[in-house]
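Undergrad: Using the hints provided, position chain B relative to the given structure of chain A.
What follows is each chain in one-letter form.
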Amino acid sequence: MTATQREEAELPEERELVTRTMRGDEQAFGALYARHAATAYVAAHRLLGSGADAEDVVQELFLALPGTLSGYDPTRAPLGAWLRRVAVRLALMRMRTVRRRRETDAGSVAALLAREDAALERLSIESALARLSEEHRTVFLLKEVEGYEHREIAALLDISVANSEVRLFRARQALRALLGGSR
Amino acid sequence: MTMLSMSMHPSDETLSRLADLSEIDRMRSRAGRHVARCGRCRGEIAAIEALGEAVRALPEPVLPDALGARIAERRRSDGPTAPSHAGAGVLVDGGADTRPVRHWSTKKRTAIAAAAAVIVLAALVGPAWRRHVLAAAAPGRATMFPLYPRPGAPVGIRFVPAPDWAGGDTLWISGVIDRRFQPNGPRRRGAIPVTALLLREHDGAYRGRLVLPADALSGALTVMNAPAPGPHVRWLARLLVLTSDTSNARPSLDAMESAVYNDRGILAEQSLSDAFARWAPGHPMRWLVDVSRARRGPFDWLQFFTNGERRFARITTQLNARTDVRAGELAGMATLAYRLEEPAAAAAWTDRLVREHPGDPWTIDLRAQQIHEMELRGAPEDSIAPLIPSLDTLFVQSHGQVGDMYRVVSIVRNRGDSAMQRRWSLRAARAGTFFPSELRGRQVIFRDRDMQDSVEAFAREVLADGAGRALWNSSTYMQDPRVERALAYSYLASIALARQEYRTAVSLTDSARLSECAAMGQDTRALALLALGDTAAALPYLAAFGKNSIMLTPDSARTLLGSQFDPGRWQHAVDSVDAVRQLCRRRGR
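Those protein sequence lines, which keep their order, are chains A and B.
Residues 1 to 183 in the numbering used here are what the first sequence lists, from first letter to last.
Residues 1 to 589 in the numbering used here are what the second sequence lists, from first letter to last.
This is chain A alone, in the form it adopts within the complex:
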C-alpha cells in the first residue's frame, strides 16, 4: 500500500474521529491526540525554542479542539496539516506576547545532553538559530521548516511579501556568518 493509498484509506476513519470529537467522545479525542499532537508540538517547539511553551501551545490547541474543529474543512487540507498550521498560529500568538528567551529551558538542555550523536554540531546550528533576532528566526523557520510561501508568511505576520523576503535573506546571511560560512 502506498502512502497515498494509506492516506485515502485513513481519511473516512479520521472524518469519523473528527465528528465524534466534536460531540465530546473522549476516545476519539484521544485518537486524534495520539495521531497529531507530536507534529503540532514539533512545530511549536521549533518556533518558540522552548519545550514548556510548546507544551502550552499543544495543550491550548487540544483543549480547544472540539470547538476549533467546526472550522475545519476536510476538502482543503488533511487534518494533520491543518492542526499543524493552527499550532503555528498559536505559537505566533504566544511569541507576540513573549520576547525571545535568552535561556534554554531545563528540559531541552537535558534532551540535548541525552542525545549521543553529533551533539556539538547540533549545538552549533541550534545556537546560531537562537542568536537570530526573533523576526528573522521566525521567518526562516516558517519558510524553511514549515514550508510556508512568502505571501502566507506575510499574512501570518502582518508584513509585506517584500519584508518577508528581506527578513529571510537577512536570516540566511546572519546564519552563514554565525556558522562561519559567509564569503
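Treat the hints loosely; a few may be bogus.
So the derived list for chain A, only partly shown, Cβ under 10 Å to chain B, looks like this [unchecked claim]:
#	residue
1	ARG15
2	GLU16
3	VAL18
4	THR19
5	ARG20
6	ALA37
7	PHE62
8	PRO78
9	GLY80
10	GLU135
11	PHE140
12	GLU144
13	GLU149
14	ILE159
15	ARG170
Residues of chain B clear of chain A, computed beta-carbon distances all greater than 12 Å [claimed, not checked]:
#	residue
16	GLU13
17	PRO213
18	ASP254
Stretches of chain A that chain B covers, calculated by requiring three or more beta carbons in the stretch to come under 8 Å of a beta carbon on chain B [to be verified]:
#	segment
19	28-36
20	41-48
What the hints contain is simulated information worked out from the structure, not anything from laboratory work.
Model, not experiment: these values are computed from the prediction.
Every residue gets a Cβ at the ideal spot worked out from N, C-alpha and C, and that includes glycine.
TA: Relative to chain A, chain B alone:
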C-alpha cells in the same frame, strides 16, 4: 535585476530569492539563467539551501508523555469541553491558501473592521475565552506584595494553586534581581540570583518571603515545583519585580528600563507593557515589551493590527521637541525602528544616543547593532570603518558594560586592527564571554599570556561556584551547571595545551565530557594527543569537531602545536575523521 548583465553576479539578496524558486522558475529570470552557467553563484545557492537542510535535519523534539495525561485530566476536571466558536475563530486557519497580501491601505481598513469585530466579540465571549485559556495555561496564580517594593525591603510572595493542584507542601522560588550598575562591580549588569521557599498553609495557598538587595532595580522570580533545573521541573508562575524609589505606589522609570534591558517580564503574571502604559505612556519601550497573560486571547488579535509606523512617527515628534531625552527612550526608538525595518531611522537615533549618553549601557550595544545592520545590507566599507573606533571609546565610557559581547568581538575580529582585536579578546575573556565552538577565537585568546591568565581565573571561578548559577555572563543559551562546568574544564584544557602541558590537557578534557559523543573541548584533547604522538588515541576525539572541523586547518593546528606538529600524522588523522564521525553517530543511535 532587469539591468543585470550576464557577466555580473546577482546580488546576495537576489540569490536568496532564487534559492526559493524551482529550477524551472529560476530560468525565467535573467539572474536565474546567469546562475545556471555560473559555478560561483550555483555554489552560493547550494550554500543557502544547505542552511535549510541543516535545520530540517535537526532531530525533532519529542512530545512529553505526561502532556496527554495532563490534557485528559484538564478535560475531565473542566467537564465536556465546548469552547466558544468565536474564540476558536481566532485560532482557525480558515483560508491561508487564498488570503490576499495586506498592503498598507487594506491593512488600515482591515484594522478598523477587525477592531469593531473584536470589541463585539470580546464583549460577548472574551471573558469565557480568556478564562479557558488561562485555566489551560496556568496551574495557579502568584502575587507579590507590595507590588512595587522599595529596594532593601522584604517582599511577600503568595501562590494560589488551581483547584486540581496535586503538588507537595513546598515550592521553590528561583530568580534574578538586577541591581543598580556599579562601575567597579564584577558583573556588568550586577544581577544576583535569589532563592526562597514557599510553604503551603492551612488555606491551601503557598507563602514565602525574600529580601531585596538595597540597590535592587528589577528582576524576575519563577515559582517552580523543584529546587533546581532538571527534566521534571515545571515553571508554575512568573513574577516581574519592579522597585519603587518613592513609595510603594509606582515603579521607578529606572526599574522599568532595567527590566527591559535585562529581558525581565517574560511570561510574567504582571505585564511590563502595562506598567509602561500606566506610569510612562509616552515611553517608546512601552511598545517593545510583552503583554500580560491576562490580556491574551481576542485582545491579542487586536494588537495584530496596531499601527506601528504611525505610533513611531508620533513618538518621534514628541521626543524631537525635548532636549532632556533619557537614554532608555533613545534606545527604545532605535530598537523600534529596527522592528519596523527602518535601519536609517535606527541609525539616526543611535547617533543621538552616542552623542547624548555615551556612557549608558544601551549605547555600545546599539552602536554594534548599527554596524551589524550595515554589514548585512552590504554598506560600503568607508561608511562602516569610521564607526569601529567608537566601540573602544564607548566601552571605556560605559565602564565596560557590554550586553552582547559576542557581537562586538565578532565585528572587531573582522574589522579591527591587531591591537584592537587583542584588546577586545581580553575584555571578552575578563567578562567571561567565550566562544567554545570557535577555534579561531581561541587561537587569538591562547596565543596571549594575559589572556590565558584571565580565562583561567574565570574558569576557576565557575568551578568554585557550587550553586550551579549561570555564571557565564555571555549570550550563551546554556544555563545547565553541567554544561558550564564542562565548558570551564575545556578552557582550562585549552590553556594547558597552549602552555604545552599536553598530559594535563588530556586529563582536564576527561572532566569536560558530558556523554559518549557529546563533550566539550575534545578538539583540544585530539590536539594534545597528537602532540604526544598518540594518533590512534586522538582519532575518536576528532569526531567531536562536527562541521566546525573545517576550522581546524593544518595551519591552525601548526599554530597551536608549534614544533610538535607533524604533517604526516595530521593528514592521517584528518583522513579518518569522517569515518569516525559516522561511527560515533551510529553508536549513538
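Undergrad: Just want to verify: ASP254 of chain B was marked as not at the interface with chain A; is every Cβ pair farther apart than 12 Å?
TA: holds (20 Å)
Undergrad: How does the segment 41-48 of chain A fare against chain B when you require at least three residues with a CB closer than 8 Å, holds or violated?
TA: Holds, because 4 residues of the segment 41-48 of chain A bring their Cβ atoms closer than 8 Å to Cβ atoms of chain B.
Undergrad: Verify this label for me: PRO213 of chain B is non-interface relative to chain A, using a Cβ-Cβ cutoff of 12 Å.
TA: Holds, since 21 Å exceeds 12 Å.
Undergrad: May I ask you to test the interface hint for GLY80 of chain A with respect to chain B, counting a Cβ-Cβ separation under 10 Å as satisfied?
TA: It is violated, given that the least Cβ distance between GLY80 of chain A and chain B is near 13 Å, above 10 Å.
Undergrad: Given a cut of 10 Å on the nearest C-beta pair, is the interface hint for ARG170 of chain A held or broken against chain B?
TA: holds (5 Å)
Undergrad: Hey, does the ARG15 of chain A contact hint survive, CB to chain B under 10 Å?
TA: violated (17 Å)
Undergrad: Interface hint check: ARG20 of chain A, Cβ to nearest Cβ on chain B, cutoff 10 Å. Holds or violated?
TA: Violated. Min distance 13 Å.
Undergrad: For GLU13 of chain B, is the shortest CB-to-CB distance to chain A above 12 Å, so the non-interface label stands?
TA: Incorrect as stated: the minimum Cβ-Cβ distance to chain A is 5 Å, not above 12 Å.
Undergrad: Does the closest beta carbon of chain B sit nearer than 10 Å to the beta carbon of GLU144 of chain A?
TA: holds (4 Å)
Undergrad: Quick one: see if chain B covers the segment 28-36 of chain A, three-plus residues with Cβ-Cβ under 8 Å.
TA: n = 4 at 8 Å, threshold three: holds.
Undergrad: If you take the shortest Cβ to Cβ gap from GLU135 of chain A to chain B, is it below 10 Å?
TA: holds (7 Å)
Undergrad: Does the CB of PRO78 of chain A sit less than 10 Å away from some CB of chain B?
TA: Status violated, d = 13 Å.
The structure fails to meet hints 1, 2, 3, 4, 5, 8, 9 and 16 from the earlier list, while all remaining hints are met.
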